[in-house]
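Place chain Y on chain F using the hints.
There are 2 protein chains.
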Amino acid sequence: MAFAKVYVTLKEGISDPQGLTILRALKSLGYDEVEDLRVGKYMELKISGDDPEAISERVKEMSERLLANPIIEDYRVEVEE
Amino acid sequence: MAFAKVYVTLKEGISDPQGLTILRALKSLGYDEVEDLRVGKYMELKISGDDPEAISERVKEMSERLLANPIIEDYRVEVEE
Numbered sequence: 002m003a004f005a006k007v008y009v010t011l012k013e014g015i016s017d018p019q020g021l022t023i024l025r026a027l028k029s030l031g032y033d034e035v036e037d038l039r040v041g042k043y044m045e046l047k048i049s050g051d052d053p054e055a056i057s058e059r060v061k062e063m064s065e066r067l068l069a070n071p072i073i074e075d076y077r078v079e080v081e082e
Numbered sequence: 002m003a004f005a006k007v008y009v010t011l012k013e014g015i016s017d018p019q020g021l022t023i024l025r026a027l028k029s030l031g032y033d034e035v036e037d038l039r040v041g042k043y044m045e046l047k048i049s050g051d052d053p054e055a056i057s058e059r060v061k062e063m064s065e066r067l068l069a070n071p072i073i074e075d076y077r078v079e080v081e082e
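Chains as they are written, first to last, in my numbering: chain F, 2 to 82; chain Y, 2 to 82.
Pulled out of the complex, with its shape left as it was, chain F reads as follows (with noise of 0.2 Å):
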């Protein structure tokens, strides 16, 4: 068994609507300390295998098909066991 994470954020240089949002609320909040925001996606999988490269390589190219989309986004995987 092992646990994977995947974390998805986009390109730099995509805009992020929802982040702009966020960060006006912040400033309206008072903090204005805060200069850029950006939001991406967590995933956290649960994992049969015992095999961390194994569980890594599946697990990015699942992040190609389905978890990220490639144009967009970068993603980045974690494998703990």
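Wrong hints could be hidden among the right ones.
As the list claims (entries may be wrong) - DEER-style ranges, computed between Cβ atoms: (1) Glu62(Y) x Gln19(F): 31 to 37 Å; (2) Leu30(Y) x Pro53(F): 18 to 24 Å; (3) Gly50(F) x Glu13(Y): 20 to 26 Å; (4) Asp33(Y) x Glu54(F): 15 to 21 Å; (5) Arg66(F) x Arg66(Y): 33 to 39 Å; (6) Glu36(F) x Leu30(Y): 37 to 43 Å.
As the list claims (entries may be wrong) - List of simulated lysine-lysine pairs, DSS-like, C-alpha gap at most 25 Å: (7) Lys47(Y) x Lys42(F); (8) Lys6(Y) x Lys12(F); (9) Lys42(F) x Lys12(Y); (10) Lys42(Y) x Lys6(F); (11) Lys28(F) x Lys28(Y); (12) Lys6(F) x Lys6(Y); (13) Lys61(Y) x Lys61(F); (14) Lys47(F) x Lys47(Y); (15) Lys42(Y) x Lys28(F); (16) Lys6(Y) x Lys47(F); (17) Lys42(Y) x Lys12(F); (18) Lys42(F) x Lys6(Y); (19) Lys12(Y) x Lys6(F); (20) Lys28(F) x Lys47(Y); (21) Lys47(Y) x Lys6(F); (22) Lys61(Y) x Lys28(F); (23) Lys12(Y) x Lys47(F); (24) Lys47(F) x Lys42(Y); (25) Lys61(F) x Lys42(Y); (26) Lys28(F) x Lys6(F); (27) Lys28(F) x Lys6(Y); (28) Lys12(Y) x Lys12(F).
Unchecked claim - Covered by chain F, according to a simulated footprint, are these stretches of chain Y (three or more residues, beta-carbon under 8 Å): (29) 20 to 28; (30) 32 to 39; (31) 42 to 54; (32) 70 to 82.
Just so you know, these hints were derived from the structure itself, not from any lab.
Where a beta carbon is used, it is the ideal one built from N, C-alpha and C, also for glycine.
Okay, now just chain Y, sitting in the frame of chain F:
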């Protein structure tokens, strides 16, 4: 200047229909080894200031007030200089 990362996840026991939908889609693509999947949010903040502890406290306050819903979500804050 510092960077803060905020990870927001649903508390245990709170149902995650988005995660369930992705889990089913993965299984339909043949990824039968995935036993569970939970979806969270991930935010990257660019913040002025240079005291990591003070920044961390402020970001935790932002999380309580706006970035997370503490009733159904947990959050974790990391600050990098």
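Would the pair Lys12(Y) and Lys47(F) pass a check requiring their Cα atoms to be no farther apart than 25 Å?
holds, 16 Å
Would you check the hint for Lys12(Y) and Lys12(F), treating anything up to 25 Å between C-alpha atoms as holding?
The hint is violated at about 29 Å.
25 Å limit on alpha-carbon distance, applied to hinted pair Lys61(Y) and Lys28(F)
holds, 15 Å
For the pair supplied as a hint, Lys61(F) and Lys42(Y), confirm whether the alpha-carbon distance does not exceed 25 Å.
The hint holds at about 19 Å.
When you check the alpha-carbon spacing of Lys6(Y) and Lys47(F), does it fall within 25 Å?
holds, 23 Å
Check the hint pairing Lys28(F) with Lys6(F) against an upper bound of 25 Å on the C-alpha distance.
violated, 31 Å
Verdict on chain F covering the segment 70 to 82 of chain Y, criterion of 3 CB contacts below 8 Å:
With 0 residues in contact (Cβ-Cβ under 8 Å with chain F), the coverage given for the segment 70 to 82 of chain Y is violated.
Is 18 to 24 Å a correct range for the gap between the Cβ atoms of Leu30(Y) and Pro53(F)?
holds, 21 Å
If you draw a straight line from the CA of Lys47(Y) to the CA of Lys42(F), is it 25 Å or shorter?
Holds, because 18 Å separates the two Cα atoms, which is no more than 25 Å.
Taking only the CA atoms, is the gap from Lys6(F) to Lys6(Y) under or equal to 25 Å?
holds, 15 Å
Counting residues of the segment 32 to 39 of chain Y with a beta carbon closer than 8 Å to any beta carbon of chain F, are there 3 or more?
The restraint on the segment 32 to 39 of chain Y holds, since 7 of its residues have a Cβ under 8 Å from chain F and three suffice.
Within 8 Å of chain F (C-beta), three or more residues of the segment 20 to 28 of chain Y
That given contact holds, which follows from 4 residues of the segment 20 to 28 of chain Y lying within Cβ reach (below 8 Å) of chain F.
Hint violations for this structure: numbers 1, 11, 13, 14, 26, 28 and 32, all remaining hints satisfied.
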